[in-house]
Amino acid sequence: MLKRLYRWLDLRIGVGEIVEKELTGYLLPRNINEWYSLGSVLLVIFALQVITGMLLMIYYVPDADKAFKSVTFIMNEVPYGWLIRLCHAVGSNMMVAVLILHMLSTLLMGSYKAPRELNWVTGFTLLALVQGISLTGYLAPWSQLSFWATTVATNSASAIPVVGPYLVEFLRGGKLVGPPTLGRFFALHAAVLPVVIAAVIGAHLFLLKRTGVSAPPFGREGTATPFEAQQYHYQGHPGGIPFFPNYALQDLASISIYFAVFLAVVFFWPGMPFTPDAFVPADPFKTPAHIKPEWYFLANYQTLKIFPSELLGLSVQAAAMTFLALLPFIDRSPERHPLKRPVFLTLVIAGILLWIALSVWGHLS
Amino acid sequence: MIRKNTLAILLLASLAFLKPALAAPVEQPETVCIQCHGTLPDRLGAPVKLWRSSIHADNGISCNGCHGGDPKDAANAMTPQRGFLGAPKEKDIPGFCGRCHPGVYKDYLSSAHGRALGAGGPTCVTCHGNHQVVKASLALINEKSCTRCHSFDRARAIRDAMQQTEGYIDDISRRIADFQVSGVDTEKMGKSLFSVRNRFHTLFHDVDVARVKGESAAINKELGKLDAALKEIEQSHQKRRVAGGIAVGFMVLLALLFHLMKKSYD
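Residue numbers (the working numbering), protein chains in the order written: chain H, 1 to 365; chain C, 1001 to 1266.
Here are the simulated DSSO-like pairs of lysine-lysine, each with C-alpha atoms no more than 27 Å apart in a straight line:
#: 1; chain 1: C; residue 1: Lys-1191; chain 2: C; residue 2: Lys-1135
#: 2; chain 1: H; residue 1: Lys-175; chain 2: C; residue 2: Lys-1072
#: 3; chain 1: H; residue 1: Lys-209; chain 2: C; residue 2: Lys-1263
#: 4; chain 1: C; residue 1: Lys-1072; chain 2: H; residue 2: Lys-286
#: 5; chain 1: H; residue 1: Lys-21; chain 2: C; residue 2: Lys-1263
#: 6; chain 1: C; residue 1: Lys-1231; chain 2: C; residue 2: Lys-1188
#: 7; chain 1: H; residue 1: Lys-69; chain 2: C; residue 2: Lys-1225
#: 8; chain 1: C; residue 1: Lys-1135; chain 2: C; residue 2: Lys-1091
#: 9; chain 1: H; residue 1: Lys-69; chain 2: C; residue 2: Lys-1231
#: 10; chain 1: C; residue 1: Lys-1213; chain 2: C; residue 2: Lys-1225
#: 11; chain 1: H; residue 1: Lys-286; chain 2: C; residue 2: Lys-1049
#: 12; chain 1: H; residue 1: Lys-69; chain 2: C; residue 2: Lys-1191
#: 13; chain 1: H; residue 1: Lys-292; chain 2: H; residue 2: Lys-305
#: 14; chain 1: H; residue 1: Lys-69; chain 2: C; residue 2: Lys-1188
#: 15; chain 1: C; residue 1: Lys-1049; chain 2: C; residue 2: Lys-1135
#: 16; chain 1: C; residue 1: Lys-1263; chain 2: H; residue 2: Lys-3
#: 17; chain 1: C; residue 1: Lys-1191; chain 2: H; residue 2: Lys-286
#: 18; chain 1: C; residue 1: Lys-1188; chain 2: H; residue 2: Lys-286
#: 19; chain 1: H; residue 1: Lys-286; chain 2: C; residue 2: Lys-1135
#: 20; chain 1: C; residue 1: Lys-1106; chain 2: C; residue 2: Lys-1135
#: 21; chain 1: C; residue 1: Lys-1262; chain 2: H; residue 2: Lys-209
#: 22; chain 1: H; residue 1: Lys-66; chain 2: C; residue 2: Lys-1191
#: 23; chain 1: C; residue 1: Lys-1213; chain 2: C; residue 2: Lys-1135
#: 24; chain 1: C; residue 1: Lys-1091; chain 2: C; residue 2: Lys-1049
#: 25; chain 1: C; residue 1: Lys-1188; chain 2: C; residue 2: Lys-1221
#: 26; chain 1: H; residue 1: Lys-69; chain 2: C; residue 2: Lys-1239
#: 27; chain 1: C; residue 1: Lys-1262; chain 2: H; residue 2: Lys-21
#: 28; chain 1: H; residue 1: Lys-286; chain 2: H; residue 2: Lys-69
#: 29; chain 1: H; residue 1: Lys-66; chain 2: C; residue 2: Lys-1188
#: 30; chain 1: H; residue 1: Lys-3; chain 2: C; residue 2: Lys-1262
#: 31; chain 1: H; residue 1: Lys-175; chain 2: H; residue 2: Lys-69
#: 32; chain 1: C; residue 1: Lys-1221; chain 2: C; residue 2: Lys-1191
#: 33; chain 1: C; residue 1: Lys-1231; chain 2: C; residue 2: Lys-1221
Rather than coming from a laboratory, the hints here were simulated on the basis of the structure.
Construct all of the structure, not just a fragment, from the sequences and the given hints.
Right, dumping it as structure tokens:
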């Protein structure tokens, strides 16, 4: 039956040619490893976020007077509403975590180097956008946590000279966080950012198709890959393994492992994305004693506290992030094996340790 | 040109990354009463030390909550013009506390303790303390405290009748709080418990043993309904965990299956 359907489609739209070009004939490096499947895992996570987000929108009301009650209704009255909401909340955290892992593997395997600078830049932009969509979604439940986290987050922009106060008012839609802020953030969260993220993912995949997949620097003699081409050249892998079925099965294995971890959090650690303030309705007249951001913003949060002025803290972070974003244009050495780049490896490990230390410090402070 | 544009995009991306960073947490400022008396020695500073471990301090009720005055203006904090009341005389203490605890005040006045006010009977601070005000609990009904004025026999009978109910209330309160921080709608149950707890607290100033026993039994019945509702939620959460365990196990098996299939192609 399936064969007949395939034949029927092939005769009309040439499915066989597409399968040959994009699946069975799409060859990948023989030494490709599991880390390369994180991109596929991220695509699945994003799709799940979109689906759960759409389902939540059926009952969620983006109105300051009704938002909290509508989320409570979803969690308690809607059949499997708790599951959909938990999947969405846990998924947003997992998306950031897997995205960081994906970027770290790219960093350590030197896959950001020429000719893949734009792949890195689009990936870095996606990290910023994913953090942006997480932040805007944070306000949606209109809880004490949402309200006050958004108040201090938007307030940080006031440290920017000259335009800071105007920017804060623009973000909030008024002097203070209130109903107009919820409208703005919800529009960004549900309409603008998903479309922008989907477009940047499209650009990221397009760039991947045009440059070809980079070969891992492990398990071979020459690990330096100088980029000296005078004209466009697709980096193919003759004699490599086909994407389908070989690597598609690796993708499926990685996606299954991801789901095992994800579901374990959803069912056995459902409080992971929340603090007690997340279940108290927003009260502009009652400031909680300690407002902590999500784990992936803790290092930023602590950095702002270390420096005597908020502007200095913001500037240091801007410099660090700009350096990271421009890395492929700064690090031009062709060597890609991390063990043959001791200075780079030391810097990466030091950077990771610093980030972890700042995050732990931010959590405990 | 392309490089300049790329640089601009990167700078914007890094700014977007920075936007969500949060500022330092907001701390509640102390009142001028605490700031000044907290540094004073002996009689003038002692109330602050006692207050710090009180139920009032835990709930953000500072000196001005009882004594009046202006907690923001050190120079005029203790002037009658700013509503400063000072310390009440002994017979005025129940009325002083009763401004915020009117229900308890009413219960106290109708009890044997209240009827003896001004004639050697106890006031609120006799049992609850004045600055180190302790939470109303059965621990306050103890031999050491009660035998200051009378024998402990009747007080013991009342405490024993209420002991089980208090434990029941504490247990249900803890379970509701646990569910509340996991997204369960506990509003109705919380209100119901609040009402039951208030009813229970009216017994604290009652010295009629038979009435205390009868009321405690009726309250236990109400608590039983809440207990049943909570057990139902607990069972549904247990079912969720079983389903979650099966789903996680299935995913692990699926991962193993795909891994083995991939190996067969290598």
